[in-house]
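Participant: Make a model of the complete structure from these sequences and hints.
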Amino acid sequence: PLSPRFRLPFIPPFSSSGSPSWDSNCYIVGKRGSRVSFNGSGKSATTAILWDRVPAFLGMSVGSVYTSGRYVSLVVFISGRLMLAHVFCSYHFGGSDPCRGGNSSMADLVLLCTQHLISMEKLILLNNHFFQIPISLEPLFNLSKLKTFDGEICTETESHYNSLTPKFQLTSISLSGSIDGGTFPKFLYHQHDLKNADLSHLNLSGQYPNWLVENNTNLETLLLANNSLFGSFWMPIHSHQKLAILDVSKNLFQGHIPVEIGTYLPGLMHLNLSRNAFNSSIPSSFADMKMLKILDISHNQLTGEIPERMAMGCFSLAILALSNNSLQGHIFSKKFNLTNLMRLQLDGNKFIGEIPESLSKCYLLGGLYLSDNHLSGEIPRWLGNLSALEDIIMPNNNLEGPIPIEFCQLDALTILDLSNNTIFGTLPSCFSPVSIEQVHLSKNRIEGRLESIIHDSPNLVTLDLSYNSLHGSIPNRIDRLSQLSYLLLANNYIKGEIPVQLCQLKEVWLIDLSHNNLSGHIPPCLVNTSLSEGHHEAVAPTSNLQSNDSSMGKEETVQFTTKNMSYYYQGRILTSMSGIDLSCNKLTGEIPTQIGYLTRIRALNLSHNNLTGTIPTTFSNLMQIESLDLSYNLLHGKIPPQLTVLTTLAVFRVAYNNLSSKIPDRVAQFSTFEEDSYEGNPFLCGLPLSKSCNDSGLSAVTPKAYTDNEEGDSLIDMDSFLITFTVSYGIVILGIIGVLYVNPYWRRRWFYLVEVCMTSCYYFVADNLVPRSFYGGWMVEISGPDES
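In the numbering used here, each residue's number is its place in the sequence shown (first place is 1) plus 37.
A few of these clues could be false.
Below, simulated DSBU-like cross-link-like pairs (lysine-lysine); rule was C-alpha separation at most 35 Å, straight line [to be verified]:
1. Lys204 / Lys182
2. Lys387 / Lys398
3. Lys330 / Lys279
4. Lys372 / Lys287
5. Lys398 / Lys279
6. Lys279 / Lys372
7. Lys372 / Lys398
8. Lys159 / Lys223
9. Lys159 / Lys398
10. Lys330 / Lys287
11. Lys184 / Lys232
Okay, the calculated beta carbon distance ranges per label pair [claimed, not checked]:
12. Thr630 / Asp702: 47 to 55 Å
13. Asn805 / Arg785: 26 to 34 Å
14. Glu716 / Thr763: 48 to 56 Å
15. Asp493 / Ser413: 56 to 64 Å
Keep in mind the hints are simulated off the structure, nothing from the lab. Even for Gly, the Cβ is constructed at its ideal location relative to N, Cα and C.
Facilitator: And the structure:
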């Protein structure tokens, strides 16, 4: 065999706990076309790997080099006259980190093995969870042909080689991790051939590195997102023609966006300035970026209007994101040339007026986001002609009128959100896009029967029709919405029973049917839904929810009442919320014991119904519940003491029932519940109520009205009786007066009747009740003529 060209350092054995595992993959690419691969695992105290010929491509995979709780020493030899061009190494370690035990030599494994490969052009060290690299980049400074470096960096200790100049001139660099101290690596000041530089997510601080743009005239991509850069955003001294992608989002830049940005960076295709603190108006020089396709300046403090020149000059623009600023005025003027728009995000501003008709030319438009503005007028009918539309998101405006029937043509529609507007009329019966996933129409004035709105939509995940004027009943075919996870129909006029077909929604996660006129019993079969642990391993849907890290798109939002408060659940938080709200209906019967097996539920509200029976002891299984409201029902019996095991319970209300006996001990969460949780139950006793219990655990003071059943059944609440009688009497009197005041005929008849009654009463009293002596003894007799 040929003598080894270099030898990796000896790695001493080390111990690791927690059932660790060790996997590595190394690929070494040379100048020729052959390939040799090697797979091995350590079986002894030392494992040696030796190549005895000169391959052009070497592949090595070392797995489970693990013996009796100790990783064996590893010595690697690479032999021959290798002309290496690329080295790729990926390591993964599972278990406790051995580097915490002081095994710093693991970091030298890669760096020392590469410092002699002077022909290497590309070094990629990604996804290394086993050790931190590089601790120092100094060993790479002699690699004069190195062009690409892509690796993680966790600390940068350059103090001992600040004066050294690397021999390489990189064309591409990508660093990830976190730089200790937050300063830019000094070797970057010596780079002049960079085309691509990714320095995002490094916790860098300081001002914008304008020198990096000026020193590298061929720079095409500069990514500085998610750092802590501050100050002003500077332009280079001279125009930079080749820079195509610039991302400085999620930093601390402030002040003005340079007015001349379009002049100095005319070749930009992708510009992201979002999530900073810019407070200027939008520069009209954006119109000079003729190739600009993506412009994101959302989440700043920008003011003013959208420049008319930009709306005419940026004709290549595909994505325009201006959301969450303080922009005002009309959205676009009549001069508009952004016909290639695919996504328009203007939400969270102060725009007024109608949705501009100029958007009707945007036949590629797939997403329209106009929420949280002051837009008015009707929803344009021409939106139905934009067949590429997938997202129409315009809640929290002043839009009015019906939903256009042209929306039935939007076969690609995925999200429709028009909530909190003044939409009236009925939803078009033909509206049933196959691809629809989210429908948010809450807080409008939509009418019609619920049965005519719910269609067969197999992909529908969210249906929010709450706070409208819908009537009818929940249709039996609701089980055809097989993917439905969030059903919100609160505050309507829905009647009838809860159909058992609702239990066939295997993916349901949130049900809100509160404030309706529902009757009947609570279906015990709800235990068959995904809210039960016994169901299949259901997970709240996440595929359609936008990440908080993205400024592109709209997070799904629903309103749900829990913990006595109405909350908006949005984005990823929504995936952790589950609950059932059937409050303020006319439900009867007992609470099914099966409800106690909905172990994934976090909120349960059955208040303000006519439920009877006892509180099921199975509620002690609701180990994730945070809010339980059973108040204003007809429940009786004891409060199950088993409920004290519910350690996540934050709100518990059983007020105004017929519960009796001792309140559970004030332990765990029950020590936080006050008197208002139990009031209105005359037989309850114990803390926090002032009423004490006797030795048998019953109330020491029992009202007489409740001790004698027969007497209690016959008693009348005198206060209520007197109030009712007084009010009724007053209504009658006022009614009579009102009739006499309005109708003169009845007024005359009334006064005539009063006069006749008074006259009759007078003569009746005079003839029958007043004694003759009252007239002083005089009696006048009137008789006929004397016949004689």
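Participant: Would you mind marking each hint as holding or not holding in the structure?
Facilitator: These are the hints, each one checked on the structure:
For the hint pairing lysine 204 with lysine 182, the CA-to-CA distance comes to about 8 Å; that is within 35 Å, so the pair holds. Taking the CA atoms of lysine 387 and lysine 398, the gap is about 24 Å. The hint holds against a cut of 35 Å. Of the supplied pair hints, the one linking lysine 330 and lysine 279 holds, its CA atoms being roughly 15 Å apart against a limit of 35 Å. With a C-alpha separation of about 33 Å, the suggested pairing of lysine 372 with lysine 287 holds against the 35 Å cut-off.
The straight-line distance between the Cα atoms of lysine 398 and lysine 279 is roughly 31 Å, inside the 35 Å bound, and the hint therefore holds. Under the criterion of a C-alpha separation no larger than 35 Å, the hint pairing lysine 279 with lysine 372 is consistent with the structure, at around 30 Å. Distance hint between lysine 372 and lysine 398 is fulfilled; the C-alpha atoms sit about 12 Å from each other, no more than 35 Å. Between lysine 159 and lysine 223 the alpha-carbon distance is near 20 Å, which keeps this suggested pair within the 35 Å criterion.
Our distance criterion of 35 Å between C-alpha atoms is broken by lysine 159 and lysine 398, whose separation comes to about 47 Å. Using a Cα cut-off of 35 Å, the hinted pair lysine 330 and lysine 287 holds, with the two alpha carbons roughly 20 Å apart. For the suggested pair lysine 184 and lysine 232, the alpha carbons sit about 10 Å apart, so the restraint of at most 35 Å is met. Taking 47 to 55 Å as the suggested C-beta distance range, the pair threonine 630 and aspartate 702 does not conform, at roughly 23 Å.
Separation of asparagine 805 from arginine 785 is about 30 Å and conforms to the stated range, judged on CB atoms against 26 to 34 Å. For the pair glutamate 716 and threonine 763, the beta carbons lie near 28 Å from each other, so the given range of 48 to 56 Å is not met. Checking the proposed 56 to 64 Å range against aspartate 493 and serine 413 shows it is violated: the Cβ atoms sit about 35 Å from each other.
Of the hints listed earlier, those the structure fails to meet are numbers 9, 12, 14 and 15, in rising order.
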